[in-house]
Amino acid sequence: GSLAGLIDISAHWMTDLKEGVCLAGFWFNHEHCCWKSDTTFTDRDKCPEWKSWSQLILGYGEGAFAYILNYFMYVIWALLFSLLAVLLVKGFAPYACGSGIPEIKTILSGFIIRGYLGKWTLIIKTITLVLAVSSGLSLGKEGPLVHVACCCGNILCHLFTKYRKNEAKRREVLSAAAAAGVSVAFGAPIGGVLFSLEEVSYYFPLKTLWRSFFAALVAAFTLRSINPFGNSRLVLFYVEFHMPWHLLELVPFILLGIFGGLWGAFFIRSNIAWCRRRKTTKLGKYPVLEVFVVTAITAVLAFPNEYTRMSTSELISELFNDCGILDSSKLCEYVNDFNSTKGDDLPDRAAGPGVYTAMWQLALALIMKVFITIFTFGMKVPSGLFIPSMAVGAIAGRLLGVAMEQLAYYHHDWAIFSGWCSQGADCITPGLYAMVGAAACLGGVTRMTVSLVVIMFELTGGLEYIVPLMAAAMTSKWVADAIGREGIYDAHIRLNGYPFLEAKEEFSHKTLAMDVMRPRRNDPPLTVITQDSMTVEDVETIINETTYSGYPVVVSRESQRLVGFVLRRDLIISIENARKKQDGIVSTSVIYFTDHSPPLPPSSPSMLKLRSILDLSPFTVTDQTPMEIVVDIFRKLGLRQCLVTHNGKLLGIITKKDVLKHIAQLANQDPDSILFN
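Counting with UniProt numbering, you get residues 1 to 677 for the letters of the sequence shown.
Hints are computed from structural coordinates only; laboratory data are not their basis.
The structure presented is a predicted model; accordingly, all values stated were derived computationally and were not measured.
You may find that some hints are simply not true.
Said to hold, decoys possible - Straight-line Cα separation of at most 35 Å, DSBU-like style, residue types lysine-lysine; simulated pairs:
#1 K169 x K657
#2 K649 x K636
#3 K609 x K657
#4 K636 x K282
#5 K649 x K119
#6 K169 x K649
#7 K580 x K636
#8 K169 x K119
Claimed, not checked - Beta-carbon label-pair distances, calculated as ranges:
#9 T527 x G648: 53 to 63 Å
#10 S549 x Q665: 16 to 26 Å
#11 F214 x S597: 48 to 58 Å
#12 I416 x V335: 22 to 32 Å
#13 V450 x E537: 39 to 49 Å
#14 F160 x L247: 51 to 61 Å
Each residue gets a CB set at the ideal place from its N, CA and C atoms; glycine is no exception.
Using the sequences and the hints, build the whole thing.
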């Protein structure tokens, strides 16, 4: 919660720094700077304390030259921020780039990425996230906040032995951390818990549910007490419209759902194609240059259009906003031809010139956002995907909403409107359409359903709009699933070749464990260690000649009966320590994994007992176990390997990568196309 508050406040200040500076104190952002000043409501953006760069340097703020100078300063600051971000990521923590959700899904499924949740990643990610968001690139801070929260969870785990020693317990803490991350990103504690359950977590027992709930609550409470936006809300875009919606409006809502699904599928296809291009060509060797070029293009295109110049979350909050009497933004320049002032409930009005200008500016902003996000997501800076996809949907929704509103205003006598939309009534809320569009696009990209709807209504406080949101989210998921099966996170997991077993898909083939295990028929036999007949030298030879991360221990070469499993790392460390600290350990010393060691003849070197590092309960299946059950065991327990026995004799081993290759083979893909790098 504290880190999120810090990120929010600094990003807000640095975003405004691109346009000007506050003379009352340079640490104020534009809004806080103008709080004390005595300007009238209509001029609230032009307070004397806030100077744009041209006013500061040239002394005047109007005219072509001032515009060019402001433009130049905007681009320079944007380039400075993003270059700083990419250099920090490249120099100190290469893992801090991207959103981090695909990797966290992989880690929670039982895989280890060393250093991915370490302290350096945390520090650099927090700093560069602020820089990347303020540089005006088309990215959000929501996904990376989940990564930041998981880093905190992992670092705190090291303080307690209960969690330091137990990987399974640590995974539960990370699930709760993911929930806390979404909770502070959107101010949606319940949505965070559901997001962790639906998207991120692999194994989610009931006690983790209420612990995640508690973690999300504390995180949201902390952020609320910091109050980063000064409006006692947890998010920038809070809406307060409670107009009932009509059944006929479900048609445009479902159309928005279809748009969201199409955009999601298009985005995933093109983004994956571009990222694969980055991986396979020379482009990947120049991350700094790539960030520089993309930022330059974004900043140059963004400045002329006020809707792309402002930060994306401000844009979304403006699009979600319902026009009241006092709203002075362009989107609210309607023709006021009524004389009653009954509160904020304004009737539908004819659009004024400001609305038409805003419409084509928004259309241009939509085209820019759609294309620029494809190239931004996946660069070597921290980048979330929630905010850009919500922006695309909100723009499309607002355009459709204003179109519907004008249609209802000019044609209120049509059959579709006549029943519920009389003249001078407020029938259509464009802000609601923006909200539904945002949900649809986010659903099309990430394929979330339940958690998406909960996040959206916690985010906006519009409880009566659950049905429209559900309709849009489901439609977008169906449409996007019809075009491509996987969401953006699963696509990135597959592109990066992480060994991740999808828990949502069925395994329906009739193969057995013996078909998948290694060694195959013509392969050399499995590398094993015997329990009482190998010397230190023999074991060191095995370690040097193979790259496996663990070895089964058997009674003897002849019987091949399984005793346990020992990890390569533990073996290396134990032998090194014994040679340093224990007397008489030489290359010919025998290693014992047994309980009782036989008495030694006086002339022989002393023995090395390693029973303490032996895992006596390795997971085993018999060779006749159906693969369906094996896959299920791997999924439910997050295993990395499993030994295959026959009548108690060791036959082979199945690793998670073997299972994945087997699934790929059955789906008629080339099994070697799954890279694990």
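Right, here's what the structure says about each hint:
no., hint, in the structure
1, K169 x K657, "holds (24 Å)"
2, K649 x K636, "holds (26 Å)"
3, K609 x K657, "holds (32 Å)"
4, K636 x K282, "violated (40 Å)"
5, K649 x K119, "violated (45 Å)"
6, K169 x K649, "holds (32 Å)"
7, K580 x K636, "violated (41 Å)"
8, K169 x K119, "holds (20 Å)"
9, T527 x G648: 53 to 63 Å, "violated (20 Å)"
10, S549 x Q665: 16 to 26 Å, "holds (23 Å)"
11, F214 x S597: 48 to 58 Å, "holds (50 Å)"
12, I416 x V335: 22 to 32 Å, "holds (24 Å)"
13, V450 x E537: 39 to 49 Å, "violated (58 Å)"
14, F160 x L247: 51 to 61 Å, "holds (54 Å)"
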